[in-house]
Amino acid sequence: MHIPDGFISMPVAAVGIALAAGSVAYAVKATNKKMGEKQIPLMGVLAAFIFAAQMLNFPVAGGTSGHLIGAALAAILLGPWSGVLVMTCVLIVQSLVFQDGGLLALGANIFNMGIVPCFVGYYLYRGIASLFPKRKLGVMVGSGLAAWFTVVMASVACAVELAISGTVPLRVALPAMAGVHALIGIGEGLITAAVLALVLATRADLLELQKA
Amino acid sequence: MEVKSEMKFKWWHGALILALLLAILSPLASSSPDGLEKVAEDKGFISTALEPFFEIVPDYVIPGVPNEAVATILAGIMGTLILFGIGYGLAKLLRARGEA
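Line by line, the protein sequences give chains X and F.
Numbering-wise, the first sequence is residues 1 to 212 according to this note's numbering.
Numbering-wise, the second sequence is residues 213 to 312 according to this note's numbering.
FYI, nobody ran anything at the bench for these hints, they're computed from the structure.
Among these hints, one or two may not hold up.
Straight line, CA to CA, 30 Å or less: simulated DSS-like cross-link-like pairs of lysine-lysine [unchecked claim]: (1) F:K220 <-> X:K38; (2) X:K136 <-> X:K34; (3) X:K29 <-> F:K255; (4) X:K34 <-> F:K255; (5) F:K222 <-> X:K134; (6) X:K136 <-> X:K38; (7) F:K220 <-> F:K304; (8) F:K304 <-> X:K134; (9) F:K255 <-> X:K134; (10) F:K255 <-> X:K38; (11) X:K29 <-> F:K304; (12) F:K304 <-> X:K34; (13) X:K136 <-> F:K222; (14) X:K29 <-> X:K134; (15) X:K33 <-> F:K255; (16) F:K304 <-> F:K222; (17) X:K34 <-> F:K220; (18) X:K34 <-> X:K134.
A few chain X residues that face chain F, going by a derived Cβ cut-off under 8 Å, partial list only [unchecked claim]: (19) L42; (20) G66; (21) V86; (22) F98; (23) V172; (24) L174; (25) H181; (26) A201.
Note that the Cβ used here is the ideal one computed from N, Cα and C, for glycine as well.
Just chain X, with the same shape it has in the complex:
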């Protein structure tokens, strides 16, 4: 869902950059007091894993592909603000080095694939997981559903930006974007739940870090 330059107008791109810069500045303040020893390698491997996983486009119906965003995974393991930082690192490198996502559109992409899904994913996961008495089941169902929803919400944000930019009307963009991403999001849900199952089986303590 990386927006290239040209799809969104300059004002929309500028608002995106301002929102992203403000969020990152706040995230640095919010996270530096909570950063523990275990979070250091965790942030490194999450950034690495999300980058690698984003390269692996999987086919969905109708000659379309999708890939993991990874924001829900990062936010569930690190908390939403550190999650935003990880996603920002990934998106900056993708834009600067690999020309995936426009330079001017970087702020909008950080908003869509970082800020929106990290917060939506984190709080939705916490809400759903708390409904289950069995912890493992709560983690699986909560992370899967939350991760699916983050992809749909990211696509809605993207559709709204395209519409405000005058690129495509909202009544056209919204159903098209949300429709295809409701399918792509199934992959996000399955991968996120699978990774968290692996974490629970091997290092369950890593799931408690952001609560401390």
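Place chain F on chain X using the hints.
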């Protein structure tokens, strides 16, 4: 010199290896347009996309490598290691700031 404890296999070594394995699998990725590209094609605004201002490793293919699969794997490994370094370094910096 605590070489021994530093050499011990830690959980995140396994996680980094997993990420590198994914990067090695990257040539298997679907080359179909992604969700946004597909919508842009179907709704007729794909042509509004601008060319990048500059190119370093466009489309996750290292330029000048004759075999495209190899060029993709190398790009994947490069990006994975860069992001591990940035993520790790940033977290270390934040921790140092928080303790100061």
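To see whether the hints hold, each was checked on the structure:
For the proposed pair F:K220 and X:K38, the alpha carbon gap of about 16 Å is at most 30 Å, so the pair holds. In summary, the hint linking X:K136 to X:K34 is supported, as the alpha carbons are separated by about 25 Å, within the 30 Å threshold. In summary, the hint linking X:K29 to F:K255 is not supported, as the alpha carbons are separated by about 42 Å, beyond the 30 Å threshold. A hinted pair counts as satisfied when its Cα atoms are at most 30 Å apart, and X:K34 with F:K255 does not qualify at roughly 45 Å.
Only pairs whose Cα atoms come within 30 Å are accepted, and F:K222 paired with X:K134 is accepted, the gap being roughly 29 Å. Between X:K136 and X:K38 the alpha-carbon distance is near 22 Å, which keeps this suggested pair within the 30 Å criterion. Proximity of F:K220 to F:K304 is assessed by CA-CA distance (about 20 Å); at most 30 Å being required, the pair is judged to hold. Restraint check for F:K304 and X:K134: the C-alpha separation of about 35 Å exceeds 30 Å, so the hint is violated.
Taking the CA atoms of F:K255 and X:K134, the gap is near 45 Å; set against the 30 Å cutoff, the hint is violated. Taken as a hint, the F:K255 and X:K38 pair is broken in the structure, with Cα atoms around 46 Å apart against an allowance of 30 Å. For the suggested pair X:K29 and F:K304, the alpha carbons sit about 14 Å apart, so the restraint of at most 30 Å is met. Of the supplied pair hints, the one linking F:K304 and X:K34 holds, its CA atoms being roughly 12 Å apart against a limit of 30 Å.
Distance restraint check for X:K136 and F:K222: the Cα-Cα separation of roughly 24 Å lies within the 30 Å cut-off, and the hinted pair is therefore satisfied. Between X:K29 and X:K134, the direct Cα distance comes to roughly 35 Å. Violation of the 30 Å bound is thereby established for this hinted pair. Between X:K33 and F:K255 the alpha-carbon distance is near 47 Å, which puts this suggested pair outside the 30 Å criterion. Among the hinted pairs, F:K304 with F:K222 is consistent with the structure: their alpha-carbon atoms are about 17 Å apart, no more than 30 Å.
Between X:K34 and F:K220 the CA atoms are separated by roughly 26 Å; this keeps the pair inside 30 Å, and the hint holds. For the proposed pair X:K34 and X:K134, the alpha carbon gap of about 28 Å is at most 30 Å, so the pair holds. Given the 8 Å rule on beta carbons, the hint for X:L42 holds: about 7 Å separates it from the nearest Cβ of chain F. A hinted interface residue such as X:G66 counts as satisfied when its beta carbon comes closer than 8 Å to some beta carbon of chain F; here the least separation is about 6 Å, so the hint holds.
Here the hint on X:V86 is kept, as its CB sits about 6 Å from the closest CB of chain F, short of 8 Å. Here the hint on X:F98 is kept, as its CB sits about 5 Å from the closest CB of chain F, short of 8 Å. The beta carbon of X:V172 is positioned within 8 Å of a beta carbon in chain F (closest approach about 6 Å), and the interface hint is therefore held. Annotation: interface hint on X:L174 violated; nearest CB of chain F at approximately 10 Å, more than 8 Å.
Below 8 Å, beta-carbon pairs count as interface contacts, and X:H181 has one with chain F at about 5 Å; its hint therefore holds. At a threshold of 8 Å, the smallest CB-CB gap from X:A201 to chain F is about 12 Å, leaving the interface hint violated.
The structure fails hints 3, 4, 8, 9, 10, 14, 15, 24, 26 (numbered hints given earlier, in ascending order).
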